[in-house]
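Take the given structure of chain A and dock chains B and C to it, following the hints.
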Amino acid sequence: MRGKRLVVAATVAALFTTGLVVATAPAQAAGKINYCTAQNLTEAGGMDALVTAAKKEGTLNVITLASGWANYDEAIALFKKAFGIKIVNDNPDGSSAYELQTIKTAPDAKQPDVVDIGATHLGAESSDTLGRSLFTPYKVATWNDITPTWKDTNGLWYGDYQGTINIAYDSSVTPAPTKISDLSNPAYKGMVALGGDPSAATESFMSVFAASIAKGGSVDDIKPGIEFFRSMKQSGNFVTVPATGANLATGAFKIALSWSFNGPGFIQAAKGIGKDLKYVTPKDVVLKGSPYIQAINAKAPHCAAARLWEEFLYSENKGKFSKDLTPADIKQSGSKVFALIMGGQNIFNSGAAHPITEAAMIKKGTLIAPPAGFEIPAGVKVYSPTLDQQIPQQAVVKTMWPSVIQ
Amino acid sequence: MINSYGSSKGVSRKGGTFARRNLIIALPLIPLIAYLAFFFFWPMVMVVTDSLKNNDHHWSFINFTTITHKPYSTAFKNSILLGALSALFASIPGAIFAYIIEVRGSEKLKGFVTSLSGVLANTGGVPLAFMFIATFGAQGSAIKILKALGIDLYSGGFTLFSFTGIVFVYLYFQIPLMVIIFSPALHSIRNEWRDAAKNLGATPRKFWRTIGVPLLFPSFTASFLLLFASGFAAYATARAMTVGNIALVPLVIGTLVDGNVQVDQANVGKSLAVGMVIVSALAMIPYLIIQRRARRWQQ
Amino acid sequence: MKKSLSIALPSTLAIAALFIFLPFGSSAEFSFRSYSPEGKLMHSFAPYQWILQQPEFMSHLLLSFKLSLIAVAFTAILVVPSVAWLHLKAQSFRSIIEVVTILPLVIPVVALSIGVQAAFPDWLQSTEYELPLMYVILSLPFTFRILDNGLQAIPLKTISEASRGLGANWPKTIIFVIAPVMRSAVAGAFFLTFALSLGEFTLTSLLHWDTFPTWVTSVSQQNIIGAIALSVFSLTVAFVVLLLVGLFSSQTKKRTEVAE
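Protein chains in written order, with numbering that gives the first Met the number 0: chain A, 0 to 405; chain B, 0 to 298; chain C, 0 to 259.
No wet-lab data here; the hints were simulated from the structure.
We treat Cβ as the ideally placed atom computed from N, Cα and C, and that holds for glycine.
Watch out, some of these pointers could steer you wrong.
Claimed, not checked - One-sided and incomplete, this derived list gives chain B residues near chain A with beta-carbon spacing under 8 angstroms:
no., residue
1, Phe129
2, Ala133
3, Gly136
4, Thr241
To be verified - Once the Cα atoms are required to be at most 27 angstroms apart in a straight line, the calculated DSSO-like pairs of lysine-lysine come out as:
no., chain 1, residue 1, chain 2, residue 2
5, A, Lys103, A, Lys80
6, A, Lys397, B, Lys69
7, C, Lys39, B, Lys146
8, B, Lys52, A, Lys103
9, B, Lys143, C, Lys39
10, B, Lys143, A, Lys222
With the rest of the complex left out, here is chain A (with noise of 0.2 angstroms):
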């Protein structure tokens, strides 16, 4: 059924690309326009059309938006408030694989409309045959200010914020560190942990590669860096628990590497356990991750809400927050809205994420100031291994890490 309606649809949307209704108003063409094949916001008939549509649909499906993660919480909450969507959260804790995964076997109604992937998933995915299966290309209004190394020529996928590896750390703890190479100091003994396994999480594969740096490797050698958590297991500094916010409640751990974009979210909930956690950019490193991917569906169920979504995701407007929105705001023209909020690659910014187009954001003045305490300071080399440098680095964590930590 799906496919005849997409084989209709097809030959609608060939006569209006031959030109027949380009002079029509797009306000008016809104009901004949077929959201699941529109490549940019042209297609889509504007922004006041798509809005429209989206609110039709009422329900946008996102997967594995963690609460805390790059600030989502707000993206979720402005955009719902902001065009009345629904927005269908699935596995808020899962994992990229679980995202692909879940697009290859889920039933119609459980796909997710857009998806967020760690950039390591590209290797296979992005492949052209693979990724064209899985997604449906969509270039946002903002697609020039997107780094071209992130971004398929196409629009099959584009990178949306990156982060960097911190120190997250109970303020009790003395003397606070600064370095990671610190970390093997005598006075941290029981409490130095990751945020999981990093054969299989980023983050704390991430952080191993930060250590290596910080201990005479390099972007292509990780092996310092699981010999410094060897050392640490053997000192009794590095506990295995994962840093999650009940350990921290528990004191089984005290210090952390976390990506920056966790620390906004991670240090408001750890105020609700009585700790004062802080985050510090450490002073002898500063990596800096890939970015992670959006990109939509092929079989989104929500064609036109996933289309507003990146836009919304990618926009760099300077607006309003959830908190700050009026109803009397919400009742204006789609459009207006949608310039009136703030944008989702601010809304990265705010939760200490670098959004990829910072460089043109900083350019043209629209860029927010990042949370205080997450400024990369001046000067300071950053490190972004590629994912070619990235891949047989992974190999050797997965070899040698069990000998790690037994």
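Just chains B and C now, kept in the frame of chain A:
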């Protein structure tokens, strides 16, 4: 009751063709069997067939050769050890507890214990992990109490986030599971048996040696094997407590199906799952033989 | 011997209570914690008040209740009559059914979830009612055993034959004779299905559904104590329902005893 069980066998031999009679008897069981077939066996068949395909969807044993090598073989070794140890440490106290309740408890208490065990046997995951971290973690309440009494467990190298720690946490659902599974066997050693033995002049010691232990041993072993399978297959709790420091098969499957770093190895995950089914099945064979013997005994 | 056993029961119960409630109590203590802006520790009902203020709390709890009740209903119409039949007429099938029903306990749920996604048709996977159907399977190892044990203590065959001998037909025998004596075992089985369904996490999340337990896990990211309070709450609900079931089944037992 014992007689009534025997009689059905006698009747079936007498009346008509055995097979036809069996068919009629089986008829009311068809809904349950059909339900199991559709909701349980069919999905499992899908897992088995997928595990026999390589990434290009061709038939292949490649996944099974993969899982007999490191790191997967280590995971199997750890999981089998975890299942066996948690079963060992749960089955003995569980059996003793079930025995005392069976012999001394009122009917009401027995019912309550069974249901309560049902609840506890199903605790797991993040809540269970948290309960133990809050109690036996470095800052846990029990650890603090013990410290005040002069016992410092952690200075002795104890940590909850180790293999030993996981075995310890598993006892929280394994012991209740033992109580559920083992209690019925104890029906066969009710007070009457003991009284009969006493009337015949057997001392408690002699009673245990000649009647109690031989009678309960098969059921105990069967329960042990079941506990082994349960500990072997448990997932959520270990996941909430480790950072890859303990390689366990269910966790490895979880990582393969749901991991962040490695790319598409779902079929290896499926063959690991089938590997688990095989290990469980191997544990179930002695279980079956023992159960069959035990039933004959009880009759 | 007798004397030592009479001490044995209370001391066993005491040890069991310690084993159960020490971890539970430690969590419960955490669940009442709150902190002043200066980070001073207090104990209050604030985390529980926070729970009640969450609009998602009720919707998720009600959804989980609904799904759990459906699972109970399926256990009632599918499992209970089958086990009763095994005891009444089909003894020869009992051991094979016993083995089959143990399998869901020993097969990893992660593996089952993979199979379910590959096997079930789309329409079934698109409705949340696939969950209670699977909960019935997951609880089967427990429900079968509880019913089986319960029935072993009752000479079901003798009772039903007596009833038939006195001229009652099958429906009458089932409703007025078999059902009442099975009540306590059935109540136990229902309760177990309910408790398992209410707490099931792994399969639910792998099949992309959002119920009470998956919601609790996602809450733990933003409000740690709130999530602990929710875990304590759900375990408490299970205990309370357990007490109610116990009360209910002991009352009906009295009634049936009088009737007998």
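Here is how each hint holds up against the structure:
no., hint, in the structure
1, Phe129, "5 angstroms, holds"
2, Ala133, "6 angstroms, holds"
3, Gly136, "5 angstroms, holds"
4, Thr241, "7 angstroms, holds"
5, A:Lys103 - A:Lys80, "31 angstroms, violated"
6, A:Lys397 - B:Lys69, "11 angstroms, holds"
7, C:Lys39 - B:Lys146, "24 angstroms, holds"
8, B:Lys52 - A:Lys103, "16 angstroms, holds"
9, B:Lys143 - C:Lys39, "20 angstroms, holds"
10, B:Lys143 - A:Lys222, "39 angstroms, violated"
Checked against the numbered hints above, the structure breaks hints 5, 10 and satisfies the rest.
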